[in-house]
Structures are given as structure tokens and as C-alpha cells.
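Taken in sequence, the protein lines are chains L and E. Throughout the first sequence, residue numbering follows this note's numbering, covering 1 to 317 in sequence. Throughout the second sequence, residue numbering follows this note's numbering, covering 1 to 254 in sequence.
Keep in mind the hints are simulated off the structure, nothing from the lab. Note that the structure is predicted; figures quoted are calculated from it, not measured. Please note that a few of the clues may not be correct.
Said to hold, decoys possible - Straight-line C-alpha distance at most 30 angstroms; calculated DSS-like pairs for lysine-lysine:
1. L:Lys275 / L:Lys298
2. L:Lys138 / E:Lys198
3. L:Lys144 / L:Lys34
4. E:Lys85 / L:Lys23
5. L:Lys222 / L:Lys34
6. L:Lys213 / L:Lys23
7. L:Lys213 / E:Lys167
8. L:Lys273 / L:Lys298
9. E:Lys167 / E:Lys85
10. L:Lys222 / L:Lys23
11. E:Lys85 / L:Lys131
12. L:Lys138 / L:Lys222
13. L:Lys34 / L:Lys213
14. L:Lys144 / E:Lys85
15. L:Lys273 / L:Lys222
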Amino acid sequence: MEPIPQPILDIRGLTKVYPGGLKALDNVDLEIRKGEIFALLGPNGAGKTTLIGAVCGMVRISSGTINAFGEDLSRHWRSARQRIGLVPQELGFDMFDTVERQVGYSRGLFGRAPDANRIEEVLRSLSLWDKRGEEIRKLSGGMKRRVLIAKALAHDPELLFLDEPTAGVDVELRRDMWRQIGALREQGVTVILTTHYLEEAEEMADRVGVIDKGRLLLVDEKDAMMRRLGRTEAHFALAAQLPELPPVLRDYPVTLSDDGRTLCYRGGDGTGKGKAEVAAVATALVQSGIVFTALDQKESSLEDIFVDLVERQGLAA
Amino acid sequence: MINWRSTFAIYRNELSRFRRTVFGSIVSPVLTTSLYFIVFGAAIGGRINEVDGVAYGAFIVPGLLMLTLLSESTSNASFGIYMPKFTGAIYELLSAPVGVAETLLGFVGAAATKSLILAAIILTTAMLFVDYTIAHPLFALVYIMLVAASFSLLGFILGVWAEGFEKLQMVPLLILTPLTFLGGTFYSIDMLPSPWDKIALANPIVYLVNGLRWTFYGQSDVSISVSLGLTLAFLAICVAVIAVIFRTGWRLRS
Numbered sequence: 001m002e003p004i005p006q007p008i009l010d011i012r013g014l015t016k017v018y019p020g021g022l023k024a025l026d027n028v029d030l031e032i033r034k035g036e037i038f039a040l041l042g043p044n045g046a047g048k049t050t051l052i053g054a055v056c057g058m059v060r061i062s063s064g065t066i067n068a069f070g071e072d073l074s075r076h077w078r079s080a081r082q083r084i085g086l087v088p089q090e091l092g093f094d095m096f097d098t099v100e101r102q103v104g105y106s107r108g109l110f111g112r113a114p115d116a117n118r119i120e121e122v123l124r125s126l127s128l129w130d131k132r133g134e135e136i137r138k139l140s141g142g143m144k145r146r147v148l149i150a151k152a153l154a155h156d157p158e159l160l161f162l163d164e165p166t167a168g169v170d171v172e173l174r175r176d177m178w179r180q181i182g183a184l185r186e187q188g189v190t191v192i193l194t195t196h197y198l199e200e201a202e203e204m205a206d207r208v209g210v211i212d213k214g215r216l217l218l219v220d221e222k223d224a225m226m227r228r229l230g231r232t233e234a235h236f237a238l239a240a241q242l243p244e245l246p247p248v249l250r251d252y253p254v255t256l257s258d259d260g261r262t263l264c265y266r267g268g269d270g271t272g273k274g275k276a277e278v279a280a281v282a283t284a285l286v287q288s289g290i291v292f293t294a295l296d297q298k299e300s301s302l303e304d305i306f307v308d309l310v311e312r313q314g315l316a317a
Numbered sequence: 001m002i003n004w005r006s007t008f009a010i011y012r013n014e015l016s017r018f019r020r021t022v023f024g025s026i027v028s029p030v031l032t033t034s035l036y037f038i039v040f041g042a043a044i045g046g047r048i049n050e051v052d053g054v055a056y057g058a059f060i061v062p063g064l065l066m067l068t069l070l071s072e073s074t075s076n077a078s079f080g081i082y083m084p085k086f087t088g089a090i091y092e093l094l095s096a097p098v099g100v101a102e103t104l105l106g107f108v109g110a111a112a113t114k115s116l117i118l119a120a121i122i123l124t125t126a127m128l129f130v131d132y133t134i135a136h137p138l139f140a141l142v143y144i145m146l147v148a149a150s151f152s153l154l155g156f157i158l159g160v161w162a163e164g165f166e167k168l169q170m171v172p173l174l175i176l177t178p179l180t181f182l183g184g185t186f187y188s189i190d191m192l193p194s195p196w197d198k199i200a201l202a203n204p205i206v207y208l209v210n211g212l213r214w215t216f217y218g219q220s221d222v223s224i225s226v227s228l229g230l231t232l233a234f235l236a237i238c239v240a241v242i243a244v245i246f247r248t249g250w251r252l253r254s
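Okay, chain L solo, but in the shape it has when bound (with noise of 0.2 angstroms):
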């Protein structure tokens, strides 16, 4: 039997709750695999920011362990740090130096040599090269950002942590960086990114986090998560009104709409059950005489399963 890797981030018990009494996080317990891109998914306030926060040193916690590269991160910080980046939400950085001189800056900074190369490599793969002697408060937004990013690779992580990557970018651009993300953990970068938009994890990681009120909900590999926890959905539009669901559909998951129009299927659990049982359906409109004039039928996304795991959460507290 292989042996279990050890995970290169051990989070245990991790709380914080700040001055005032806001509870930022609660008891997370969190294992974060080298190599992995993964998706920490949550609403605002809901304790995202702040978990980077605690790892990357911008948050005192309150209780807990953080394990990095299998050394306590309170006694180990300074070795650990030198191969964890950080790019974070909110765009913080000297506007008025070139964007050279920054990213070199943030080599020196977290305790690398001076390269050149590596520079010019790193500017380059972010379209930055041409830019580089530009004051950073000329270019655009989505430029900037870029910029972030160089600044958080120049001393080659292991660990990447992206904050809201994506936030406020047009939709030409968050393509541009989700190819950027693949190619990180093509080298062996593992990632772990907040972000807002579900079409971001479900495009790029290995596993998802929900997070919400401070407290890790769930946490899972994507594709498990989609088939344990998804659904399949089809609405029939009907020809003529029904006065009540036809005794054929009685074993599946059917419901006729208030005014008869509609036949709604909510069923199937990810693997493909839920195709099967609305082709069923179909048939079995057919071979009764049921017409029906259109079929409307959706895989339930990542957002659903998030948005229904929040509010199940909002529900049960």
C-alpha cells in the first residue's frame, strides 16, 4: 500500500475571532494536498480572506495549528513563507515604481537571489515584458492585476494562494488567467483560490471548499461533490393541460405545475440516472398520447450545489 503524501498545508481547530467578537473562523480543520488546485468557495464575510490571511501571516489566530510543508508555520514561519505567494484581492502596490523593478522587489523580498531571467520569464508568460519600465499606475486594471500576480511568482511558490483572482476582470481576461493557473500546476504549483464566480472552480479545480459564517461545510473533490450532490432537472412543456400527473409518472420524481402546463423532473444523483429517468419520462409521455411541445433539461451546476448547501446551512442555524 502507497503511503498517504503528507499534505503541504495541515490546517487543525483554526479560529479567529477578532476584536468585538466577530467569529471569522470557527474550529476549520482544512488539508490541502501538494499539487491540487483547489476552490474555496463562500458569500462575503464568510471567512475566506481571513483563512488566507492566517497562513500567510496577515491574520493573528486565535486557536488552532497550521502545519506548511509538515513544520508548524508558528515556529517555522520565516523557511515557510519563502515558498508560499500570495496574490491577494485588493490591488496594493507602489503605483509610482515600474512594473520591473516591483516584481524584482518581491524576489529580494522573500529572500531570493536576483535573476534576471527568471524576471523576464515570469513577465513574459503574464504578456508583462513589454510593460516593464511602465509605471504601474499607467496600466489598466486587469494589467495591474497581472502585475500582482508576477509579484507573488517571482520567488517561484510552492504554494500559491489566490484571493479573488478574477474579481472585476473582463471575461477575455479571467480565460487568459485560468489558462495561466493550468500552467501553474503543470510545474507542480499547488493553488488554492477564493473566488465568487462557481464557473471558476468548476472550470479549474481538483476539489472545492464551501465555507460560510466562518465554518468549512464541505470540502470535496469536484467531481465527486457534482455526482453525490447533483441533480439532474427537465421541464416538459405540454401541448394541452393536464388536470393531474398521468398514473404513469408515479414512480418518478415528477410534478405537474399549478396550471397543468408543465411537467417538472427533479432527480438523478450526478452519475447519469437522471438522464436516463427524464428519457424515461419522455417515453412514457409518448406512449400514453401525452404531447409535449418542449423539453428543457439541465445538469445542476457547482452554483446550485453551493448555493443550496448555504442556504440548507442558513436553515439549519
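Take the given structure of chain L and dock chain E to it, following the hints.
What follows is chain E alone, placed relative to chain L:
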């Protein structure tokens, strides 16, 4: 163990900022000090007798140098740490493998370096207006470095404390400059009538100005050992305060 590469990166970044703001950083204080030399040294000074055996124009050189040293060291260091807080760039410093030693050596070292460059320029400028000598040049250099470092540390504390530009300017403008003017920059405290000569001794800047004046002319209103002792004590207090700031994360970490 100190991360020297990080320290040097902060130091170099701060000096680079200094180069970009060279007008405000050098031209402005040099111009202001030159005006003092013209007005008090050349114009009015010619009509004032010697003070403690030193020509008035030469007498005010250490005081004016101290005035610039105190305000520039404090301002440079306070801006150095306040600006990243203001722009949000502080995240990078907090997440970097740097502790109190690297941060202090980087920020305070750069601020002190700027002050020393400025001191050299001001002393050179002063030569254009007045004749002066430095009796203990090595001691003067050490003393200037000590004062620059101490007030850069104070500036660092102010920069961490300040939550707006107004607070940042408050201490240099409302406390340091008046105390320096009243601290014997333009006169010997012996010239003050009683009881003001005794009251003046409560002003800590008196000891700094007179300490520097001793290194120039070998004489001062107070003992050099007292001046040196107080400066070292002030430096130690600032280092201790900054150590507490880093340990508690006060105004830096949430």
C-alpha cells in the same frame, strides 16, 4: 537568523523611492536650511556678537543640522512604513519571511541613510554661507548616525500608529520642530533669563542640539555624556516599542 536578502530588498526599495522623490527629499530641506543660513547666519548673524566664543553664524550650524536630521529622519521612516499601509502593499511585507530585524534594518536603515546624505549636503551648503570647523569629526559622524537612527525608529513607530496623513505630520510639525527651535538651535540656554534657562533643560532636544554642538566646537550647555546617554536611552526605548509592535501585531496584523 536574519534574512539579509530580504533586508537588502527593503533597503534598496526605500532608497529607490527616495530617488524618485529627490526634489521633496533633498532640494526642499536644503533650500529651507540655506534660507536659515542667509537670514540668521549672514544677515542677522553679522550684527550678533559671538556666542560662547563661536561666531553666531557658525554657532547655529549644529542646531540647524539637528533640526533637519530630526524632521527628515522621522518623516522618511514614517512615510516608508505608512505608505504600504495606505496603498495596501503592506500585505506583501507581512506575508514575506521578514521579522522585526529585517524590517527595521531595511526601513530604518534606508531612512537613516537618507538623513546622512542630507546632513552631508547641508554641511556642504553651510560652508557657502559661514565659516565653521568640526572639532571631533568622527564623534560628530557617530552622533549624527545615532540621532538619525533613533528618530528613524521614532518615525517608524509613528508610521505604524498613524491612520491618516494628518497624524503622520503631527509629531514632526507640532512637537519636534517647536522643541528644536526652543532647544537652543539659535541661542545658548545660558542666554535665557531665569527661570527659563532651568525650564529649557526639560526639553530633550536641548541635549541633542548641545551634544552635536559639542562635537563641533568642544563646548556645550550640557555634558556630552548626558547627551549621549539620553540619545542611547531613547534609541533603546524605540527599539523596545517596535519589538512589542511586531510581537503583538499592533496596527499591522488584524
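request  = Please work out if L:Lys144 and L:Lys34 have their alpha carbons no farther apart than 30 angstroms.
outcome  = 29 angstroms, holds
message = Checking one constraint from the list: CA of E:Lys85 to CA of L:Lys23, max 30 angstroms. Satisfied?
response = Since the Cα atoms of E:Lys85 and L:Lys23 sit roughly 24 angstroms apart, the hinted pair holds (cutoff 30 angstroms).
inquiry  = Hinted pair, alpha-carbon criterion (30 angstroms max): L:Lys222, L:Lys23. Please report holds or violated.
reply    = 28 angstroms, holds
ask   = Has the given pair, L:Lys34 with L:Lys213, been kept, meaning a C-alpha gap of at most 30 angstroms?
value = 27 angstroms, holds
key: Straight-line alpha-carbon gap L:Lys213 to E:Lys167, limit 30 angstroms   = 36 angstroms, violated
query = Between L:Lys138 and E:Lys198, is the straight-line Cα distance small enough, at 30 angstroms or below?
reply = 57 angstroms, violated
request  = Measure nothing beyond the straight line between the CA atoms of L:Lys273 and L:Lys222; if it is 30 angstroms or shorter, mark the hint as holding.
outcome  = Holds, at about 19 angstroms.
ask   = Can the restraint linking E:Lys167 and E:Lys85 be considered satisfied, given a maximum Cα separation of 30 angstroms?
value = 14 angstroms, holds
key: L:Lys275 paired with L:Lys298 [C-alpha distance capped at 30 angstroms]   = 9 angstroms, holds
query = Does the structure keep L:Lys273 and L:Lys298 at a Cα separation of 30 angstroms or less?
reply = 13 angstroms, holds
inquiry  = Hint check: L:Lys222 vs L:Lys34, CA-CA at most 30 angstroms. Holds or violated?
reply    = 16 angstroms, holds
Given hint L:Lys23 paired with L:Lys213 - CA-CA distance at most 30 angstroms = Within the cut-off at roughly 8 angstroms; holds.
In this structure, the hints that do not hold are numbers 2, 7, 12, in rising order.
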